[in-house]
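Asks: Next come the chains, spelled out residue by residue.
Protein chains: 2
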Amino acid sequence: MYRSLFTGLAILFSSILFAQKEDSVFIRQIADDILMNGKSYSNLHTLTKTVGGRITGSPQMYKAEDWGMKALKDAGADKVWLQECKVPRWVRGDKEQAKLIVGNKEESLAVLALGNSVGTETNGITAPVLLVNSFEELEQKKDEVKGKIVFYNYKFNPKFIETFYGYGDAVRYRGAGASRAAKYGAVAVLVRSVTNSTDNYPHTGAMRYDNSLPKVPALAVGQWDADKIADALQQNKNATIFIKTNAHTMSDTTGHNVIGEITGTEFPDQYITVGGHLDSWDPAEGAHDDGTGCVHSIEVLRTLKALGYKPKHSIRVVLFADEENRGDGGEKYAEEAKEKKEKHVFGLESDAGGFTPRGFSIALPADKLEKIRKEWIPLLQEYGVYEFSNGGGGADVNPLNKTFGTPVSELRPDSQRYFDYHHSPNDFFENVNKRELELGAINMTALIYLVDKYGF
Amino acid sequence: MYRSLFTGLAILFSSILFAQKEDSVFIRQIADDILMNGKSYSNLHTLTKTVGGRITGSPQMYKAEDWGMKALKDAGADKVWLQECKVPRWVRGDKEQAKLIVGNKEESLAVLALGNSVGTETNGITAPVLLVNSFEELEQKKDEVKGKIVFYNYKFNPKFIETFYGYGDAVRYRGAGASRAAKYGAVAVLVRSVTNSTDNYPHTGAMRYDNSLPKVPALAVGQWDADKIADALQQNKNATIFIKTNAHTMSDTTGHNVIGEITGTEFPDQYITVGGHLDSWDPAEGAHDDGTGCVHSIEVLRTLKALGYKPKHSIRVVLFADEENRGDGGEKYAEEAKEKKEKHVFGLESDAGGFTPRGFSIALPADKLEKIRKEWIPLLQEYGVYEFSNGGGGADVNPLNKTFGTPVSELRPDSQRYFDYHHSPNDFFENVNKRELELGAINMTALIYLVDKYGF
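Listed in order, the protein sequences are those of chains A and B.
According to our numbering, the first sequence is numbered sequentially starting from 1.
According to our numbering, the second sequence is numbered sequentially starting from 1.
Worth flagging that the hints you see were computed from the coordinates, not collected in a lab.
Among these hints, one or two may not hold up.
Which copy is meant is left open, so a pair is good if it fits within one copy or across any two.
Straight-line distance between alpha carbons at most 20 Å, and here's what the computed EDC-like set of lysine to aspartate or glutamate pairs gives [to be verified]:
1) 159 with 33
2) 402 with 33
3) 159 with 382
4) 159 with 23
5) 312 with 367
6) 374 with 387
7) 310 with 231
None of the values given here were measured: they were computed from a predicted structure.
Bound-form chain A, shown alone (with noise of 0.2 Å):
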């Protein structure tokens, strides 16, 4: 019996030991087609120059589409179709203005309407400014805010080595400081960027009304430029500060999630599917946020078609039509999967930058997520993925793990420089570094392939 059960484990080993060893070579070529053939960075470069930014309901939005329907023919899709999604419009309009103002001396602010913010009257609003750090300042203040523009100047926790950790705890200011301002009698507020970064440029980002208050414009502003507002107001409490924006919500129209799949071969029903947004906030050309997921996803396609895998499932690349401001992209996928009662068993997501990859958060019971850890991570680390935490994917892929339970994942590059373009002017091609934009589709597409190959 000791024999036999040496043997049936001499048998389990070299069977793995060379499922590992073809699963090495495979991930290699891999690595090789995407580093000598890849198309990522061309493809992002003309989703970034050719359309720029691409806001929901703008005609960006529309040639964006047209560029992922191409994309995805040229990485050699099956198919590739439209998924109609109904999406929010938000327009900035003219070019949003702010001054700081104090005695006779005008300085003007660096400054970005948020996004599902109203605009000003024509003439804008000149106010007092009050100053507060946080939430329960403002509470402490709130008999001071009447008739007032209010100033978060609540600032990037530098403490949190995962910067999305700081921004989760920043971004609150932004979600929901217009309206507390309200509450209060505020006439408008100002959110000092959420973000990390060492200059001055602006972070928009999605702000929520609560609609049983009045609505007042909100705007962020640059790092430099909430130091400065802050320095002038301990010298003089009677700074005011101008704004004006053209913000303004037309009712919402109708955008696509764009969609190529390969064709499984054993499982044509079961579905993996991978992807990123195709919308982006306006100032900028959508470059980390969320043009490399985009192209990451469909070099996920490209590279195992040029490879000639057959995978056993279907696996779909979706462009989600909205991930900035509503979400609709992805719970309208789900939702659709839902009706036709499709079979969901993978969603990766890639929606945290071009930087180098570290690692996968992953939606797996404990004993699942430490199989794949000692299994999958040998393989993968070579290329920068080390660990696999555990978490979820990003909101675009999680309405599947809600709707299914499906196993959900997204892609975790190094987080240091992403809150420096985020959502910001800078946010441009030349911003992203070709080999590390790679490294995350390598990795990416290996996770793929052991996903189609071994389930979980």
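Assemble the complex: chain A is given as a structure, and chain B must be docked to it using the hints.
Replies: Positioned in the frame of chain A, the structure of chain B alone reads:
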């Protein structure tokens, strides 16, 4: 017996756990202090913007030494001194020129003379070009070399994930190409820049002549222009190139290793060295190479001092005088240590850029390496370091290993962007990210703390 063994083990484990807890708390303090009060970024700003490029023997070398003395004093060193060190003095002179000439058409090329190369006569050299893709091809075509400019068109291999391997593979042509071509009568050489960048910056760096052969001028050419030359030669074999360089070598002069020390409390005569090199190539500001290594090392001292840590061993920060050219700084430091019979317990170097750290390479026996992997990686992983690879230090601390057998180590940051900047005109401050730089300093400080406390 089992019970006492169990009790013994329990005490052992709990004391290990207690120590790990204490270490983890202290390393968190290191991180917080660097992220909140760190000086590495502002130190780098001063070095790059007020001193700039600082090749050995240049006036900037002396300015850099003054900067280093002051920065170390400001960081809280117990003593700071200069260690005299003979250094080479290669001078670029007036800006080099190169033109590609096809028929009547002349196009200027982005070039930099290689370090240690000789210049041309006043009128420059105009000659036909022989393109070779490798030394093998040079040997095959040796009869065609005479009177020509040999153009080494060897490309940086993108398949190496760790870019330093790509560098090691391609740098042969920069180092030895001139003499190997001169052997067959070449009048000069051009070398495709040793970089995986997507731009056209030329990248300089050291070359060496074989003194038994004629010395011919040698220049690096930018990537786009290397392609341009190759294309032109395909169209027209009679294309010629004009070059003019004013490079020359003067007699050696005196530079200095700049040294700052915190004196140890238990073993003041045993040294832990941490350093980077103060010299840089001249075309830019020497930011990633190796301003970041200098400010990393100074930050180790500043942080330990700021936190009131009293090291057991004396900790020395060394800003080495010459790494780029002949390696005189590191050699001198080890030589004097030998003369003085110093005991060196550890040498750590940062000379791979100010990018987010991934690991340390370290020269240790396998069992010791395994031990620190097990005990220290869990302490560092939160800050980005997940591996101790088997390897040595860099050129500056390796002489300690050679002289005394001292364990030496080097910070291994993510390498994807390093050769975009290395030795090129875009190695300037703005290409260093504050947080990435600071994470390097955090991990280096933590490693020095652990080595001081536990040894190997």
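Asks: None of the hints should be skipped; say for each whether it holds.
Replies: Verification of the hints:
In this assembly of identical chains, the alpha carbons of residue 159 and residue 33 lie at most 20 Å apart only when taken from different copies (9 Å versus 39 Å within one copy). For the identical chains of this complex, residue 402 and residue 33 are neighbours neither inside a copy (35 Å) nor across copies (41 Å), given an alpha-carbon limit of 20 Å. For the identical chains of this complex, residue 159 and residue 382 are inter-copy neighbours only, at 12 Å across copies versus 29 Å inside a copy, given an alpha-carbon limit of 20 Å. Only between protomers do residue 159 and residue 23 lie at most 20 Å apart by alpha-carbon distance; the minimum there is 18 Å, versus 39 Å within a single protomer.
In the homo-oligomer, the alpha carbons of residue 312 and residue 367 never lie at most 20 Å apart, since the shortest distance is 24 Å inside one protomer and 44 Å across protomers. Taking the shortest alpha-carbon separations for residue 374 and residue 387, both the intra-copy value of 10 Å and the inter-copy value of 16 Å come in at or below 20 Å. For a Cα distance limit of 20 Å, the shortest separation of residue 310 from residue 231 qualifies neither inside one copy, at 62 Å, nor across copies, at 38 Å.
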